[in-house]
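Visitor: Spelled out from the first residue to the last, the chains are:
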Amino acid sequence: MTMLHRDRYFSPDPAVRALARSLYDRVASLPLVCPHGHVDPRMLALDEPFPDPAALIVIPDHYVVRMLYSQGVPMEALGIPRLDGAPVERDPRKIWQRFADHFYLFRGTPSGAWLTHELENVFGIRERLDSRAAMRIYDAIEAQLAKPEFRPRALFERFNIEALCTTDAASDTLEPHRQIQASGWKGVVRPTFRPDLAIDILHPSWRQEIERVSDRSGIDIRDYGSYIRALEDRRAFFKSAGATATDHAAVTPYTAELSRAEVDALFARALAGTATADDLHAFTGHMLMEMARMSVEDGLVMQLHPGSYRNHNDLIFERFGPDRGADIPLATEYTRNLRPLLNKYGNEPGFRLVIFTLDETTFSRELAPLAGHYPALRLGPPWWFFDSIEGMLRFRYAVTETAGIYNTAGFNDDTRAFPSIPARHDVARRVDAQFLADLASRHVIEQDEAEAMIVDLAYNLAKDTYRLGEVRDAAGPTA
Amino acid sequence: MTMLHRDRYFSPDPAVRALARSLYDRVASLPLVCPHGHVDPRMLALDEPFPDPAALIVIPDHYVVRMLYSQGVPMEALGIPRLDGAPVERDPRKIWQRFADHFYLFRGTPSGAWLTHELENVFGIRERLDSRAAMRIYDAIEAQLAKPEFRPRALFERFNIEALCTTDAASDTLEPHRQIQASGWKGVVRPTFRPDLAIDILHPSWRQEIERVSDRSGIDIRDYGSYIRALEDRRAFFKSAGATATDHAAVTPYTAELSRAEVDALFARALAGTATADDLHAFTGHMLMEMARMSVEDGLVMQLHPGSYRNHNDLIFERFGPDRGADIPLATEYTRNLRPLLNKYGNEPGFRLVIFTLDETTFSRELAPLAGHYPALRLGPPWWFFDSIEGMLRFRYAVTETAGIYNTAGFNDDTRAFPSIPARHDVARRVDAQFLADLASRHVIEQDEAEAMIVDLAYNLAKDTYRLGEVRDAAGPTA
Amino acid sequence: MTMLHRDRYFSPDPAVRALARSLYDRVASLPLVCPHGHVDPRMLALDEPFPDPAALIVIPDHYVVRMLYSQGVPMEALGIPRLDGAPVERDPRKIWQRFADHFYLFRGTPSGAWLTHELENVFGIRERLDSRAAMRIYDAIEAQLAKPEFRPRALFERFNIEALCTTDAASDTLEPHRQIQASGWKGVVRPTFRPDLAIDILHPSWRQEIERVSDRSGIDIRDYGSYIRALEDRRAFFKSAGATATDHAAVTPYTAELSRAEVDALFARALAGTATADDLHAFTGHMLMEMARMSVEDGLVMQLHPGSYRNHNDLIFERFGPDRGADIPLATEYTRNLRPLLNKYGNEPGFRLVIFTLDETTFSRELAPLAGHYPALRLGPPWWFFDSIEGMLRFRYAVTETAGIYNTAGFNDDTRAFPSIPARHDVARRVDAQFLADLASRHVIEQDEAEAMIVDLAYNLAKDTYRLGEVRDAAGPTA
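Protein chains in written order, with the working numbering: chain W, 1 to 479; chain E, 1 to 479; chain H, 1 to 479.
Chain W extracted, bound-state conformation:
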């Protein structure tokens, strides 16, 4: 018995389904290219057994926690640690039982699809998670986790991960990456330079981060000039440790260059602790320009993830901290906001900018037209709430007619849930196969084109976009 139908996510039309399946079969076993995600590199450096099922699958997954919370399950009952140290549920079996009791909430959601795939393909569970099966499934996972083949590196190899990029602060030592490389293990784990904290001049920990960046770089940050030099130094360090990309978050994709005098004064205010919200907005827009300039120079691919209202729920943030499922998207404007950056750097042959969005309306209206013109720009895959079957389909139908597939960046799993990585790539490959099968069935493309395109979507585009090595010969562009 299996909970995973062989033809899941394909059209019910028999002819389309057969074609989708044949396209999927071409890429189902290709290595996984993971150019953007949030796996903790220490996990692979230490390679220790995973803890219990609740600690592995429930507690750290904000997709799971948010849905249960939305239906009245207290965070405490799920074992989410409180910042004030007040007691929360400690028994992983009770947490797992609550999760199982509410697993019906995930019907029709990507979390449901991923978890079902993970339970079956990683842990061999072949029954549905519900109240009655909860403890039986818990026991089975617990038994597996004790085995050496369920340690992180063994799973990495079994998952056939070709490269895994992590996300790391500007001040990070990248010590886990060094340890992995020194260990003799062949798994490719690359850092990604994400200087958000070093740029967020109003963040309570900004000064600390600036001090750490000073320490790591050996450049004492005392003004804007030394700040920029220190960040350049850190980028060079990341690059030497294998990084091929940077990543940036912002409330909006506003970009605009300040004069040197303006930014010197602004940075002085930031150091003095007198910067304002307007300063932060201006500085973020300016620093995106600076990061683009550095990417032109050092070749690191620039990623931008704007449009999330972080920590929307004060009570949850104050009690449990960030990343608990309370980040909510905002309407986002790209045409005017990105213009300064694209005007200055978007025609540069060596520059590459990957843009993500949480506002689907921008796909056909702004992002596909921009990506279908500026050489530097590629569209990141559907992000977060849209990394889903319907979300990915809407993305492809919305952008392909204007940008084609070759101005898109392939798939990112974007996850901290390590054992869900194969599930996420599998869903994406199935959805892309279905998309192409639909186009070919309607004779929008020919079948041989679909056969080349599926390799591009499943493998080549991610690798090419993030400069992770040679792509496959079977690729569309070379067919």
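If you are wondering where the hints come from, they were derived from the structure by calculation, not from laboratory data.
One copy or two, either will do: identical chains are not told apart, so a pair holds if it fits within one copy or between any two.
Below are the SDA-like pairs computed for lysine to any residue, each with C-alpha atoms no more than 20 Å apart in a straight line:
| # | residue 1 | residue 2 |
| --- | --- | --- |
| 1 | K239 | Q181 |
| 2 | K344 | F317 |
| 3 | K239 | E470 |
| 4 | K344 | L315 |
| 5 | K94 | L145 |
| 6 | K239 | G299 |
| 7 | K186 | G242 |
| 8 | K186 | L46 |
| 9 | K344 | Y309 |
| 10 | K239 | M294 |
| 11 | K344 | R319 |
The structure displayed is predicted, hence computed values, not measured ones.
On the provided structure of chain W, position chains E and H as indicated by the hints.
Guide: Leaving out everything else, chains E and H in the frame of chain W:
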């Protein structure tokens, strides 16, 4: 002969269609739960025969009138009364003929689907409405309306309505509701507390409404404090008359609490007739907070319907008054606007807020993420222009992946067109069956899950959301 | 062999496909009504042979150039002339080869579909354009272009174009139109009055255009009053030359009437060269009102195309000029912006306004509700990036339920690529056939209704909307 195909609105794919039909058959005869609508309760209190077909079906239906007007049919020719008393068409047969002459305009629209269903299933008309059939159909309906089984209460019972909620001003006596209860008739008709006029401090009739609320509550509204006490008193009265919910309209979903001093001063300006447009905006945002606070206290479910630009066409408003089909949606922002209200009350276990929108872009971007996090929030069904086959499908595909189905509120018919109620529920049940059949056919969910979910969508979620009694055992959450 | 499947763009479901094909077959050979486009009338006045394949198909097509540029092909390598006269590729074979090398980029795009259709149906090319076939195909096209039956007028007749409307500045002499009429050739080519330059008071060439309008009208423009009289004179001239419509671009659809004193003063500033950006905004909004007033008076159909950020890429604009694929859409608001114009003129029986958008979110939220109410308003077909298979399907599904099909304007090809005209109409007719076949297969409409509606969508609505003559008896409204 029939104009209603057994499998209408289902996929043409034979396997999907068969599954959709089997899901639909499970719920086709379930009672109708009608938690939000605009049926006049006097109709059921008096239980008098309906007037002629034009007065029943054409004149009061702004969906119908707007379409005919958009294609050049004057309002006067449809018998819409002019505020200035100027003559309009009085002959219902001429009005009906004009309607029939233009019935082709409704091809592919929900009004077309509802009217066809209503003509056939309520009145037994089994031919298409067009110029030639117009008078024949008129005669047939007219003959039916004379029969006792076509009186309002008889139709209510035949329609199998389990509960019907009306919409009533804060000052309403709820006398028709009292008459219905006193009559011994078993039909359940509940009021809904809609204090829009009592909150719209710039409305020409606001002072009158405040006086009426004072009279009804026995609390003389002379300042903000007495105003709030009077509204609380009215809510208690509505609750004692069977209300389980309130309803609120606003141009935007802006929410923000004023200080007591600010709101005291603002309310004094309102009473003095010196309030400004800014005051109205601030007061509306403040009163939504107050209404949420009261809902936390008294348990009435709070509904919010923002984003309609009412009476967009001055000429029509001045000549014919409101609700003539000239209300136009606006882009609407929820993430920032609802934050104050959700931060203060969204984590309250006893609070329930049902949000509607006329801006489909917010479904996946803002509303599903909010509903998939805040325990208090449920998403109302597609409203007004989106209460349609494609509109409902887009809603389900847009929100389910992030919010699941259990953060949605089931179906509302939201209509003043009493005889169209079964048609509206039937379309919704068919669309939900099709949605679930599609998911099951693509193995996104399993068939047994679809079988539980269709009962939730067609019946349980509306009843549970609006606190209208026990739900069915077969429901998804308990399956 | 053919690259064009007989059933392309239809559903893969056999029953839906058969119905779509039967609907398409009803309209496939109807004459082409082309009420809005950018074909150069001199081409038809002179009737000279087309130049080489690159100059005909690659260099002038900004859809093609933008995609190649986005993937790193320099504009210069495609033969796009530089404004500074610097050398660019002159060899049409090398340009064609580069185009062929990158033709895979157009997989899944409307440009790909149109080009494939054009190559096969106009030029008889029955193999895929790629690197190896490039020169063979070039030779074949070149040979065809030398033949008399490939001259513009011969193609016009072979394409079965019933009427072709061009787009012409307010100062245009319409000399090519006069020549065509004087030549004895029977092809119907009508001008369209597009006064954008005469209204853009900040454009470097505005003064020149004003002088030209003065010259042509014989009315010396020295103030606002004479300016308006001159424009009215020009409209009368266009109408006498066969125009039935005007066309207007604007960054936003803002409309608002200035007082006579305000506009007199503003226009004086414009003539003095001291107008500001705010003046331009106000003047554009005012002139849209004036243009509507004139349309009420002279019966010319008014078209409005708002929401494009023109020349987004400074480098491309400075080096190559406008219309090189760097125009990017903006979010656009219609409900508030169009209210002044619709309030003043939207109820006028003789007025017709056709609205286009580059913001798909407005279709269901603003435009369909507006068009489903105001008698004057019709929705233009999906424009630019949305004139595509998926774009047209999304349009129909988004607007039909609220506005029906009879408040839409039929198809416009909107192209300057003359030989692509049949391809564009063919795609539109296929997509509309598929849309109707889907509705009929789901019993949303009946088959006989679909059979009437396809004629309306493919032919009658364009002709009726633009007042281009009598429509066909088989039309839906008269069926």
